[in-house]
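Chemist: Now for the letters of each chain:
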Amino acid sequence: MAALSIFRALRKRAIPSFSPSSSSSFSHGTAISRFVSTLVLAEHEGGSVKTSSVSAVAAAKAISEENSISVLLAGSGPSLHEAASHAASCHPSISQVLVADSDKLAYPLAEPWAELVHLVQQEGGYSHIIAASSSFGKNVLPRVAALLDVSPVTDVIEISGPQLFVRPIYAGNALCTVRYAGANPCMLTIRSTSFPVAPISADSKCNTAPVTQVDLSTFIEVTLGKSRYLNHSSQETERPDLGNARVVVTGGRALKSAENFKLIEKLAEKLGAAVGATRAAVDAGFVPNELQVGQTGKIVAPELYMAFGVSGAIQHLAGMRDSKFIVAVNKDADAPIFQVADYGLVGDLFEIIPELLEKLPEKK
Amino acid sequence: MVGRHPATSGLHLTADERVLGKMKIMVAVKRVVDYAVKIRVKSDKSGVETSNIKMSMNPFCEIALEEALRIKESGLASEVIAVSMGPTQCVDTLRTGLAMGADRAIHVDAPATLYPLSVAKLLKALVDFEKPHLLILGKQAIDDDCNQTGQMVAGLLKWPQGTFASKVVLDKEKQVATVEREVDGGLETLCLDLPAVITTDLRLNQPRYATLPNIMKAKSKVIKKFTPEELNVQIKSDLELVQVTDPPKRKAGVIVSSVDELIDKLKNEAHVI
Numbered sequence: 001m002a003a004l005s006i007f008r009a010l011r012k013r014a015i016p017s018f019s020p021s022s023s024s025s026f027s028h029g030t031a032i033s034r035f036v037s038t039l040v041l042a043e044h045e046g047g048s049v050k051t052s053s054v055s056a057v058a059a060a061k062a063i064s065e066e067n068s069i070s071v072l073l074a075g076s077g078p079s080l081h082e083a084a085s086h087a088a089s090c091h092p093s094i095s096q097v098l099v100a101d102s103d104k105l106a107y108p109l110a111e112p113w114a115e116l117v118h119l120v121q122q123e124g125g126y127s128h129i130i131a132a133s134s135s136f137g138k139n140v141l142p143r144v145a146a147l148l149d150v151s152p153v154t155d156v157i158e159i160s161g162p163q164l165f166v167r168p169i170y171a172g173n174a175l176c177t178v179r180y181a182g183a184n185p186c187m188l189t190i191r192s193t194s195f196p197v198a199p200i201s202a203d204s205k206c207n208t209a210p211v212t213q214v215d216l217s218t219f220i221e222v223t224l225g226k227s228r229y230l231n232h233s234s235q236e237t238e239r240p241d242l243g244n245a246r247v248v249v250t251g252g253r254a255l256k257s258a259e260n261f262k263l264i265e266k267l268a269e270k271l272g273a274a275v276g277a278t279r280a281a282v283d284a285g286f287v288p289n290e291l292q293v294g295q296t297g298k299i300v301a302p303e304l305y306m307a308f309g310v311s312g313a314i315q316h317l318a319g320m321r322d323s324k325f326i327v328a329v330n331k332d333a334d335a336p337i338f339q340v341a342d343y344g345l346v347g348d349l350f351e352i353i354p355e356l357l358e359k360l361p362e363k364k
Numbered sequence: 001m002v003g004r005h006p007a008t009s010g011l012h013l014t015a016d017e018r019v020l021g022k023m024k025i026m027v028a029v030k031r032v033v034d035y036a037v038k039i040r041v042k043s044d045k046s047g048v049e050t051s052n053i054k055m056s057m058n059p060f061c062e063i064a065l066e067e068a069l070r071i072k073e074s075g076l077a078s079e080v081i082a083v084s085m086g087p088t089q090c091v092d093t094l095r096t097g098l099a100m101g102a103d104r105a106i107h108v109d110a111p112a113t114l115y116p117l118s119v120a121k122l123l124k125a126l127v128d129f130e131k132p133h134l135l136i137l138g139k140q141a142i143d144d145d146c147n148q149t150g151q152m153v154a155g156l157l158k159w160p161q162g163t164f165a166s167k168v169v170l171d172k173e174k175q176v177a178t179v180e181r182e183v184d185g186g187l188e189t190l191c192l193d194l195p196a197v198i199t200t201d202l203r204l205n206q207p208r209y210a211t212l213p214n215i216m217k218a219k220s221k222v223i224k225k226f227t228p229e230e231l232n233v234q235i236k237s238d239l240e241l242v243q244v245t246d247p248p249k250r251k252a253g254v255i256v257s258s259v260d261e262l263i264d265k266l267k268n269e270a271h272v273i
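Which chain is which? The protein sequence lines are A and B, in order. Here the first sequence is numbered in the working numbering, starting from 1 and rising by one per residue. Here the second sequence is numbered in the working numbering, starting from 1 and rising by one per residue.
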C-alpha cells in the first residue's frame with residue numbers, strides 16, 4: 001500500500017498539473033477509505049507541542065479510526081527533542097513522531113518548512129496532511145499544497161468523511177461543505193476550537209510512539225536562504241492563551257482608552273480569563289493586535305465570552321459566535337451583539353465592571 | 001530614504017538604483033460581496049446570493065494596492081500593475097484600482113468560482129510574463145476566507161513569502177524587503193530577498209479613496225485581457241462544492257436587569273463561574 005502511494009506521488013510529480021481527471025480517478029477508488037495515513041505538522045514551544053497542534057491530531061483521528069498518524073516536528077536544539085518526547089506521548093493515537101533537526105529549521109519559516117513537508121510526503125505518501133489554522137499553519141500549508149499541486153481546505157470545523165469537510169465562509173455567516181476530489185494528499189488546516197483535546201489524566205498509561213529522525217540529506221535548497229528570521233516581539237502575559245482559554249473577557253471601542261482597558265484586564269484576572277479586543281480597540285491602540293478576536297484575528301470558542309462595549313459587527317461575531325455562553329454589556333440596547341448574547345445587560349460598563357469586580361465570587 | 005521624492009531620486013542614480021528604478025509591482029485584487037452586506041444563503045444550498053448585491057474590492061486587496069502605490073510614491077518602484085481573475089465584472093474592480101493609482105491592469109477572463117490553486121497558477125503565468133519584482137496580495141478574501149493564494153503563488157514561483165504583513169520596508173541597495181508579520185504570539189520580522197510575495201494584514205496601511213479626477217483618468221488607462229488558455233493554465237477543480245448552509249442559529253437570549261441577576265444566571269443557570 002505504501003509503495004502504491006509513493007508510486008502515486010512520483011507519478012504525480014512526473015506529470016505536473018495537466019490531467020486532473022486522471023489523477024482524481026485514483027482517489028475516487030476504495031484505496032483511500034482502506035488506507036488512511038496522516039501527517040500532522042506540529043508547532044512546539046518551550047519543549048512541548050502546542051495545544052492547537054494536538055487538536056490537529058484529534059482532527060486526524062476524526063478522519064478515520066484506522067488512521068495511522070505521524071507528527072512532524074522541526075527545529076533545532078534541545079527544546080526540539082524535549083518537544084519530540086512530549087509529542088510521542090501527548091495523544092494516544094499518534095503512531096510515529098518525525099523530527100527534522102537542522103539550523104535551517106530553527107525558525108518556522110515557510111520556505112524550508114514547505115520543502116521539508118514536500119520531502120516527507122514523497123517518502124511517506126500520506127493520504128492527508130493537517131495543520132492547525134494558526135498563523136504557522138496558514139503560512140506553511142498552502143505553500144506545500146502548491147508544491148504538491150493540490151487544493152488545500154482552510155479552517156475545517158467538521159470532518160464528515162475522509163474527503164468531506166465543513167468550513168465557514170463569509171466570516172462564518174455560511175457553512176460550506178466541500179468534497180476533496182483530487183489526488184493524494186488531501187490537505188487541511190483545522191480550527192482547533194472545533195477539535196477539543198481531552199486532557200490526559202496522569203494515571204492513564206499512554207503508549208509512547210517511536211521518534212524517528214528525518215533524513216535531510218536530500219533537502220532541496222532552492223528556496224532556502226531567501227528569507228531570514230530577524231526577531232519576534234510579544235507581550236509577556238500571565239493570563240491564559242486567548243485561543244484556548246475557558247473564559248474570555250473582551251473590550252471594544254467604548255472603553256475609550258488604554259487606561260480604561262485595565263478594567264477589562266482586572267476582570268479577566270478575577271475570572272482567570274484571557275483578554276480579547278475588537279478591531280476598533282486594537283486600532284485605537286488600547287491593546288496589541290494579537291488580542292483581536294474576529295474574522296481577521298483569533299477565533300475563540302470559550303465556555304464563557306463576556307463582551308463589554310462591543311457593538312457586534314459581522315467581522316467580530318465571526319471570531320466568537322461558537323462560544324458556549326455569551327454575555328454582552330452595552331449602553332446601546334439595539335447593538336447587534338445582543339442578538340447573539342445569552343445574557344445581555346444594558347448599561348454603562350464603567351459602572352457595571354466595577355460592580356462585577358466587587359460581586360463576582362473569588363476564583364479558587 | 002523611503003520618503004524621498006521620485007523626481008529628486010532620479011537625479012543621482014547608482015547602478016543599483018537604475019535597476020530598481022524600473023522595479024515593477026504586481027498587485028492581485030479580487031471582486032467580492034461588500035464587507036458590510038449581510039449575506040443570504042440560496043434556498044437550494046448551492047451557494048450565497050450574489051446577484052443584485054453590492055460588490056466591492058476585497059478590503060485586504062485595497063490595502064495591498066495602497067502599499068504598492070506608497071512604494072511607488074517613495075521612488076522605489078516605477079510601475080504598479082493591478083490584476084484580477086474572474087468574470088467580466090472584475091473590470092469594474094480593476095477600474096477602481098486604476099482610479100486609486102495603479103498604472104495599468106490585467107484581467108484574466110475566467111469562471112466565477114476559481115479556487116486559490118488556479119488563481120495562483122494564473123498569477124504565476126502573469127508574473128512570468130510581466131516579471132515584477134514584488135507581488136502583493138491581501139492575506140485573505142472575505143468571501144471564501146481561504147488565506148491561501150499568496151502562499152501558493154510564492155511556492156509555485158519559488159519566491160520567499162512575507163504573509164500577514166503589518167509593515168514593509170524595501171532596501172534598494174540590498175534588494176531585500178523587511179517585513180513585520182502579525183503572528184499568533186505577537187509580531188515577527190523577516191528579511192526577504194527580492195523578488196518576493198507579500199500578503200497584507202489590516203494594519204499595514206489605510207487605503208486612499210479614489211478622487212473624481214482620478215476616476216476620470218482611470219477610464220483611459222489600459223486593461224489588458226487574457227484567457228487562461230492564452231496563459232497556458234488549466235483551471236483545476238479538485239474540490240467539489242457539496243452544499244452551502246446557514247450556520248446554526250443561536251437561541252434567543254435574555255436581557256437581565258442587574259449585575260446581581262447576571263451573576264446569578266452565570267452561576268446557577270449556565271454554571272460557568
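Treat the hints as calculated values from the structure; they're not laboratory data. Careful, some of the hints might be misleading.
As the list claims (entries may be wrong) - Cβ pair distances, simulated, as ranges:
| no. | chain 1 | residue 1 | chain 2 | residue 2 | range |
| --- | --- | --- | --- | --- | --- |
| 1 | B | Lys158 | A | Ser93 | 31 to 37 Å |
| 2 | B | Glu173 | A | Pro199 | 50 to 56 Å |
| 3 | A | Ser102 | B | Lys225 | 28 to 34 Å |
| 4 | A | Ser217 | B | Asn232 | 32 to 38 Å |
| 5 | A | Thr218 | B | Ile215 | 50 to 56 Å |
| 6 | A | Glu66 | B | Asp171 | 48 to 54 Å |
| 7 | B | Thr211 | A | Ala198 | 54 to 60 Å |
| 8 | A | Glu221 | B | His271 | 45 to 51 Å |
| 9 | A | Pro288 | B | Asp171 | 24 to 30 Å |
| 10 | B | Lys249 | A | Arg179 | 24 to 30 Å |
| 11 | A | Ala198 | B | Ala36 | 55 to 61 Å |
| 12 | B | Thr211 | A | Ile220 | 37 to 43 Å |
Claimed, not checked - To be clear about the criterion: a stretch of chain A counts as covered by chain B if any three or more of its residues have a C-beta under 8 Å from a C-beta of chain B, and this derived list gives those stretches:
| no. | segment |
| --- | --- |
| 13 | 87–98 |
| 14 | 214–221 |
Beta carbons are placed, not taken as given, at the ideal position from N, Cα and C, and that holds for glycine.
Chemist: Would you say the C-beta atoms of Lys249 of chain B and Arg179 of chain A sit inside 24 to 30 Å of each other?
Modeler: Check passed, 26 Å falls within 24 to 30 Å.
Chemist: For the segment 214–221 of chain A, do at least 3 residues have a Cβ located nearer than 8 Å to some Cβ of chain B?
Modeler: Coverage by chain B is violated here, the residue count being 0 at a Cβ distance below 8 Å.
Chemist: Does the Cβ distance between Lys158 of chain B and Ser93 of chain A fall inside 31 to 37 Å?
Modeler: 35 Å, holds
Chemist: Could you see if the CB distance from Ala198 of chain A to Ala36 of chain B stays within 55 to 61 Å?
Modeler: 40 Å, violated
Chemist: Holds or violated: the 37 to 43 Å window for the beta-carbon distance between Thr211 of chain B and Ile220 of chain A?
Modeler: The hinted range 37 to 43 Å is violated for Thr211 of chain B and Ile220 of chain A, with Cβ atoms some 48 Å apart.
Chemist: Take the C-beta atom of Ser102 of chain A and the C-beta atom of Lys225 of chain B, compute their distance, and say whether it sits inside 28 to 34 Å.
Modeler: 46 Å, violated
Chemist: Between Glu173 of chain B and Pro199 of chain A, does the C-beta distance stay in 50 to 56 Å?
Modeler: 53 Å, holds
Chemist: Can you let me know if the beta-carbon spacing of Thr218 of chain A and Ile215 of chain B is within 50 to 56 Å?
Modeler: 54 Å, holds
Chemist: How does the Cβ-Cβ distance of Thr211 of chain B and Ala198 of chain A compare with 54 to 60 Å: does it lie in that range?
Modeler: Given a distance of about 58 Å, which is inside 54 to 60 Å, the answer is holds.
Chemist: Could you say whether the range 45 to 51 Å given as a hint is met by the Cβ separation of Glu221 of chain A and His271 of chain B?
Modeler: 56 Å, violated
Chemist: Just to make sure I understand the rule, a stretch counts as covered if three or more of its residues have a C-beta closer than 8 Å to a C-beta of the chain. Does the segment 87–98 of chain A meet that for chain B?
Modeler: Violated - the segment 87–98 of chain A has 0 residues with a Cβ nearer than 8 Å to chain B, which falls short of three.
Chemist: Regarding Ser217 of chain A and Asn232 of chain B, is the given constraint of 32 to 38 Å on their beta-carbon distance met?
Modeler: 35 Å, holds
In the structure shown, a violation is registered for the earlier hints numbered 3, 8, 11, 12, 13, 14, in ascending order.
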